[in-house]
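Letter by letter, the chains look like this.
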Amino acid sequence: MSSIFSKDISRRSVLAGAGAFGAASLAFPNMAVSADGSVLTIRSYSDLQLLDPAFWLSLPEADIMRSIFAPLVSNQSGDEWAWRPVAVDSIEQLDDLTIAFKLRDKIGFTDGYGQMTADDVKFSIERIADPANESPYAGDWSALKEVEVKDTLSGLIHLKNKFVPLWTTTLPTPASCIVSRKAVGELGGKIGTEPVAQSGPYLLTEWVPKQKTVLTRNPDWAYEQGGYEEIHILPIEDPATAELGFEAGDLDYTWTSVSSLPRLKENPPAGSVVVEKPSLAYVWLGMNKDNETLKDVRIRRAIQHAIDREIVVDAAYFGAASVGNGIIAPGLPGSRDSVTYDYDPDKARALLEEAGATNLTVTLDILNQSERLTAAQVIQANLADVGINCEIKQNDSGTFWTLGSKDGDYFMDLQLVLSRFSMNPDPSWATVWFTPEQVGVWNWERFNDADYKALHEEGLVESDPAKRDEIYRKMQDLMDESGCYVFLTHEVVGLIHKDTVDPGLKPNGEPLLPLFKPA
Amino acid sequence: MLTYFVKRLGLAAVIVSVAMFLLFCMIYLIPGDPASVALGPRATEEMRAALREKMGLNQPVILQFWNFYVGAWTGDLGEEVLSGRPVMTVVLEQLPFTLALIAGGITWSVALGIPLGCWAAVSRGSTADRIVGILSVAVIAVPSFVIAIYALLIFAVQLRWLPAIGAGEPGNLGDQLTHLILPSLAVGLGWVGYIARMVRASMLEVLEASHIRTARAFGLPDRMITYRYALSIAILPTVTLLGVGIGQMLSSAVFAEIVFARPGVGKLVYDAILTRNFPVVTGTVLVTTVLFVLLNLVADLIIGALDPRVRSSF
Numbered sequence: 001m002s003s004i005f006s007k008d009i010s011r012r013s014v015l016a017g018a019g020a021f022g023a024a025s026l027a028f029p030n031m032a033v034s035a036d037g038s039v040l041t042i043r044s045y046s047d048l049q050l051l052d053p054a055f056w057l058s059l060p061e062a063d064i065m066r067s068i069f070a071p072l073v074s075n076q077s078g079d080e081w082a083w084r085p086v087a088v089d090s091i092e093q094l095d096d097l098t099i100a101f102k103l104r105d106k107i108g109f110t111d112g113y114g115q116m117t118a119d120d121v122k123f124s125i126e127r128i129a130d131p132a133n134e135s136p137y138a139g140d141w142s143a144l145k146e147v148e149v150k151d152t153l154s155g156l157i158h159l160k161n162k163f164v165p166l167w168t169t170t171l172p173t174p175a176s177c178i179v180s181r182k183a184v185g186e187l188g189g190k191i192g193t194e195p196v197a198q199s200g201p202y203l204l205t206e207w208v209p210k211q212k213t214v215l216t217r218n219p220d221w222a223y224e225q226g227g228y229e230e231i232h233i234l235p236i237e238d239p240a241t242a243e244l245g246f247e248a249g250d251l252d253y254t255w256t257s258v259s260s261l262p263r264l265k266e267n268p269p270a271g272s273v274v275v276e277k278p279s280l281a282y283v284w285l286g287m288n289k290d291n292e293t294l295k296d297v298r299i300r301r302a303i304q305h306a307i308d309r310e311i312v313v314d315a316a317y318f319g320a321a322s323v324g325n326g327i328i329a330p331g332l333p334g335s336r337d338s339v340t341y342d343y344d345p346d347k348a349r350a351l352l353e354e355a356g357a358t359n360l361t362v363t364l365d366i367l368n369q370s371e372r373l374t375a376a377q378v379i380q381a382n383l384a385d386v387g388i389n390c391e392i393k394q395n396d397s398g399t400f401w402t403l404g405s406k407d408g409d410y411f412m413d414l415q416l417v418l419s420r421f422s423m424n425p426d427p428s429w430a431t432v433w434f435t436p437e438q439v440g441v442w443n444w445e446r447f448n449d450a451d452y453k454a455l456h457e458e459g460l461v462e463s464d465p466a467k468r469d470e471i472y473r474k475m476q477d478l479m480d481e482s483g484c485y486v487f488l489t490h491e492v493v494g495l496i497h498k499d500t501v502d503p504g505l506k507p508n509g510e511p512l513l514p515l516f517k518p519a
Numbered sequence: 001m002l003t004y005f006v007k008r009l010g011l012a013a014v015i016v017s018v019a020m021f022l023l024f025c026m027i028y029l030i031p032g033d034p035a036s037v038a039l040g041p042r043a044t045e046e047m048r049a050a051l052r053e054k055m056g057l058n059q060p061v062i063l064q065f066w067n068f069y070v071g072a073w074t075g076d077l078g079e080e081v082l083s084g085r086p087v088m089t090v091v092l093e094q095l096p097f098t099l100a101l102i103a104g105g106i107t108w109s110v111a112l113g114i115p116l117g118c119w120a121a122v123s124r125g126s127t128a129d130r131i132v133g134i135l136s137v138a139v140i141a142v143p144s145f146v147i148a149i150y151a152l153l154i155f156a157v158q159l160r161w162l163p164a165i166g167a168g169e170p171g172n173l174g175d176q177l178t179h180l181i182l183p184s185l186a187v188g189l190g191w192v193g194y195i196a197r198m199v200r201a202s203m204l205e206v207l208e209a210s211h212i213r214t215a216r217a218f219g220l221p222d223r224m225i226t227y228r229y230a231l232s233i234a235i236l237p238t239v240t241l242l243g244v245g246i247g248q249m250l251s252s253a254v255f256a257e258i259v260f261a262r263p264g265v266g267k268l269v270y271d272a273i274l275t276r277n278f279p280v281v282t283g284t285v286l287v288t289t290v291l292f293v294l295l296n297l298v299a300d301l302i303i304g305a306l307d308p309r310v311r312s313s314f
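Going down the list, the sequences are from chains D and S. Sequential numbering of the first sequence, starting at 1, is according to my numbering. Sequential numbering of the second sequence, starting at 1, is according to my numbering.
Extracted from the complex, chain S is given alone in its bound form:
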């Protein structure tokens, strides 16, 4: 297990390094002068040149990458172009909001997707199964920003049950949770469909397995067979799916953060790209890439913990 863990960590480091290099190349290929964007129309050419120098933009890209790479290993992601605030501080300020949003999205998708998938599987071929199937495909097909806007219009503007914008008062957990409901629904609803489909398919397979037939032969209640014996195995692909889904949810978070005017790394990196605030772009993407890789690692480890067959292959 330890060897497996160390190997996975090593692979994660390689993945992050390659991702960072690709990102660096992309950033420096796009047109636009960060100094002009940052300083605005009234800055003189001397001021723009000084800012380019400060940002290290006059250095070869490979050298800029190396400086960033070495700094990143020591936790130094550089400074924000204009305010001079450490990028690590800026990113860490925003990261909890995105993590909360993704956690909320996962909560919605798991809370709705797993029961729906189980229900569809045990009611195979019934009207309920068909309805769940149609609904699953429908929520997968609708883009998250559309869900976000309609959820906002219905629950915030029309009914005024929930707030429309922001992340809630700092320190007020209730207020923050209230502000999380609609954005997390927008992020997680599409995944309800994925998970329901995945759970249904896995459950159907598992329900045909010999140990389930044995359990039935022993006269165990259907409920116990479904949720204790079948679901515990059928859930494994879903955990893997959620690990991958976190990356997708990070993308959806950008829309949700913009539509709901929430803070978060999605909006942070979006704004930073528009303003060519390169240190923030690279710092944020590094942190989110590391996060994504680590969460996938955690998903793999959870599967290992859940499934003795996987664990024995470590």
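Just chain D, with the same shape it has in the complex:
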């Protein structure tokens, strides 16, 4: 038998293949997508899984849903948190408990589901609020009593009680996206990854899992047109990959990592604009007050005084972020200019001595990200300086996000934890996670304060901005006093886009896809 190699087929075909491979690289040079008004290519950090306003999972899905299911209102692009009408011709608060709306008369659903009506609004909102549907977003409409249909296009949203965050964190979110009652009914009550009865300025026309999602201008949309004929959304989890993709010309817009921001600002790629936006996120070092080692408040206060927050933040974010003083971001009611503790290692040592804590060893749990690790290492050094030995424990995201859960077996062993939450532009979105009900859920410090809880409830119904400001400042003061928190930063949001693109962005840099347009 002659071997296949004896005919030289392999060698020659291999060489020919290699040649073809090389030729292909020359024949098909990098095809950067145009940003000239036809196609916009952007990055999202995850692929879509559910396109249902009642059950969505990630921000990229929210961006898409607001584009394909017309919401009553959406955020305005700019530096101020404001809203703009999308599906409504008019919407106004008649009194504390009533909102009147009238839909635009030329909005139709695709796939033959007819005109969008007030009954669809009633269905869309009430299905989120209905506890029987188990929507994770039921809280957005927790104050809802009912939606009353007045006629085909008009209706009233009735509330059970006054709910101040309605206009900032409920209506301009997917919680006001309108879906077709008939279409969702036919789907069995839940929308998956193939939306039907779309109604927004864009239509989802293609989804290739893990590759891209294509939004195309809705030809039947009679109002403000999207700036691009098509928007291609590429799921890229790793920000460094996205940055390289941008520099290679494959993307028109992407978020960047905070640590890349100084480098990109200093040397922006040709033809690009680097943007820095204030973030709503908050990063803090939490201390579990029910842990045996940390139950003495003097030890927790000592740790507060031991940590040089400025150096921690500078080291972790390469100087791109500034120190934060609470959980409420600057610009929102309740944002503070300072905390009630200062960096004072001597005071920390004195408190430890007073508490009789010698040779103290604590564990600091973090998510396995470089910024967190750097911050943790500085904290470790700070604690060593006052005589506390700190061991850093890195966790993958799947493990990390269950560390303090009462369903697990680690929540009482948890000692120090470096956490980051994000929020919507209302202070109640930050404070809600630290109420007594959240102990063992997301309140891993097990901070349990009845006054805090009462203030949180008060803040939800207080519409006077000055009084709200006072309420939320007081709540953060209580958090300081507990000794459970060292507030570190609100981070910043880094973005980069081609100079041929005028991005539509919320004040915190989150994209508003229909508002992107050619520069």
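Read the hints as simulated data drawn from the structure, not as lab findings. Here a beta-carbon is modelled for each residue, glycine too, at the ideal position from N, C-alpha and C. Misleading hints may appear alongside valid ones.
Mimicking DSBU-like on lysine-lysine, the simulated pairs with C-alpha atoms at most 35 Å apart in a straight line are [unchecked claim]:
hint, chain 1, residue 1, chain 2, residue 2
1, D, K182, S, K54
2, S, K54, D, K190
3, S, K7, D, K122
4, D, K393, D, K122
5, D, K212, S, K54
6, D, K393, S, K54
7, S, K7, D, K406
8, S, K54, D, K160
Interface residues of chain S toward chain D, partial, derived using beta-carbon atoms under 10 Å [stated by the list, open to error]:
hint, residue
9, E46
10, V70
11, D76
12, G78
13, V122
14, A167
If you want the ones that stay clear, here's a sample from chain S, every Cβ over 12 Å from chain D, calculated [as the list claims (entries may be wrong)]:
hint, residue
15, T3
16, G10
17, F21
18, P60
19, V81
20, L82
21, D129
22, P143
23, L159
24, A201
25, S210
26, F218
27, V259
28, G264
29, T289
30, V290
With chain D's structure known, arrange chain S on it following the hints.
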């Protein structure tokens, strides 16, 4: 030959079963609650409990394994936790991208490794031989993700000859090939070194064989002796090496898929592990394990076809 084939298939089934059981045990030993990760912070405890129930997480591990095992034999790998899409569909959507990546990697490694190995062997002791030796060890030593990042920086960012991210337009073969060049280079370059070393060593051995000496005595051209008579025998260990190497390339594919933001089973299983999407993890690993075992089987059969001595032992 048929008996050998059936025996190998039976062994493959046992290997896959054991691998799946080990995987199941590992999955359920790691900390983290899939329901919490999947549903996010705003889900209530009732919702998390309902999802755990739906995923079958309340059942004993052995029962979960058995259900999965029985389902797998009928092609039912379960459903993705949240979207409800069949895992088989999800995996099969991604598998071609990984197969293309591995095929590309093998192409690079064979296209460069075999000629380099032959060249080094016929130039034994020369400067060229030493240079090939140094280069081979160097590319073996450099991790594939480092190659990936530098290839990306040079050819995509700096020179802009090749795209940096994605897998190309569906249906556009040229675009897909262009998107394959850098990731497959990253996956295959390390294997260029392995193959060059292996081919060189085998060639040196074969070139000393009596039939080669006979061929030389008959005055056959060196080129014909090297490539027709020596390489056809020296290539056999390389085929075996490539069979094993496919498993290694599957690992490298994870890095390449992340760095180049390509779809593929590597990234799919990586994301699924992070989100504790157990059905996707088990389904993907099952498919890749079966693939690996089958490819090794194919490698063995190719060796049997190439080498009469092996074939006669069937």
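We went through each hint and held it up to the structure:
1. With a C-alpha separation of about 27 Å, the suggested pairing of D:K182 with S:K54 holds against the 35 Å cut-off.
2. For the suggested pair S:K54 and D:K190, the alpha carbons sit about 16 Å apart, so the restraint of at most 35 Å is met.
3. For the given pair, S:K7 sits about 64 Å from D:K122 by alpha-carbon distance, which is inconsistent with the 35 Å threshold.
4. At roughly 48 Å between alpha-carbon atoms, D:K393 and D:K122 are farther apart than 35 Å, so this suggested pair is violated.
5. Distance check on the hinted pair: D:K212 and S:K54 sit about 29 Å apart at the alpha-carbon level, within 35 Å; holds.
6. Restraint check: the Cα-Cα separation between D:K393 and S:K54 comes to about 32 Å, which is no more than 35 Å; the hinted pair holds.
7. For the proposed pair S:K7 and D:K406, the alpha carbon gap of about 51 Å is over 35 Å, so the pair is violated.
8. For the proposed pair S:K54 and D:K160, the alpha carbon gap of about 34 Å is at most 35 Å, so the pair holds.
9. The interface hint given for S:E46 is met, as the beta carbon of that residue sits about 7 Å from the closest beta carbon of chain D, less than 10 Å.
10. Interface hint status for S:V70: violated, as the beta-carbon distance to the closest one in chain D is roughly 27 Å, over 10 Å.
11. Annotation: interface hint on S:D76 violated; nearest CB of chain D at approximately 19 Å, more than 10 Å.
12. Annotation: S:G78 was flagged as interfacial toward chain D, and the flag is violated, the nearest CB pair being 16 Å apart, outside 10 Å.
13. For S:V122, the interface hint is violated, the least distance from its beta-carbon to any beta-carbon of chain D being 14 Å, above 10 Å.
14. For S:A167, the shortest C-beta to C-beta distance to chain D is roughly 6 Å, which falls under 10 Å, so the interface hint holds.
15. Even its closest Cβ contact with chain D, about 20 Å, leaves S:T3 beyond 12 Å, as expected for a residue assigned away from the interface.
16. No beta-carbon of chain D comes within 12 Å of the beta-carbon of S:G10; the shortest separation is about 27 Å.
17. Remark: the non-interface label on S:F21 is consistent with the geometry, its nearest Cβ contact in chain D lying 21 Å away (cut-off 12 Å).
18. For S:P60, the requirement that its beta carbon stay farther than 12 Å from each beta carbon of chain D is met, with the minimum near 18 Å.
19. Against the 12 Å criterion, S:V81 falls within the reach of chain D, whose nearest CB is about 9 Å from its own CB.
20. A cut-off of 12 Å between C-beta atoms contradicts the statement that S:L82 is not in contact with chain D; the least separation is 5 Å.
21. S:D129, annotated as away from the interface, keeps every beta carbon of chain D farther than 12 Å; the closest lies near 20 Å.
22. Every CB of chain D lies more than 12 Å from the CB of S:P143, the least distance being 16 Å, so the non-interface label holds.
23. With a closest Cβ-Cβ approach of about 9 Å to chain D, S:L159 is found to fall inside the 12 Å limit, against its non-interface label.
24. With a closest Cβ-Cβ approach of about 17 Å to chain D, S:A201 is found to remain outside the 12 Å limit, as its non-interface label requires.
25. Consistency note on S:S210: stated as away from chain D, and its beta-carbon is indeed over 12 Å from all of that chain's, at 18 Å minimum.
26. Against the 12 Å criterion, S:F218 stays outside the reach of chain D, whose nearest CB is about 16 Å from its own CB.
27. Listed as a non-interface residue, S:V259 fails to keep its Cβ farther than 12 Å from every Cβ of chain D; the least gap is roughly 6 Å.
28. With a least CB separation of 8 Å from chain D, S:G264 falls inside the 12 Å interface cut-off, contrary to its annotation.
29. Even its closest Cβ contact with chain D, about 21 Å, leaves S:T289 beyond 12 Å, as expected for a residue assigned away from the interface.
30. S:V290, annotated as away from the interface, keeps every beta carbon of chain D farther than 12 Å; the closest lies near 21 Å.
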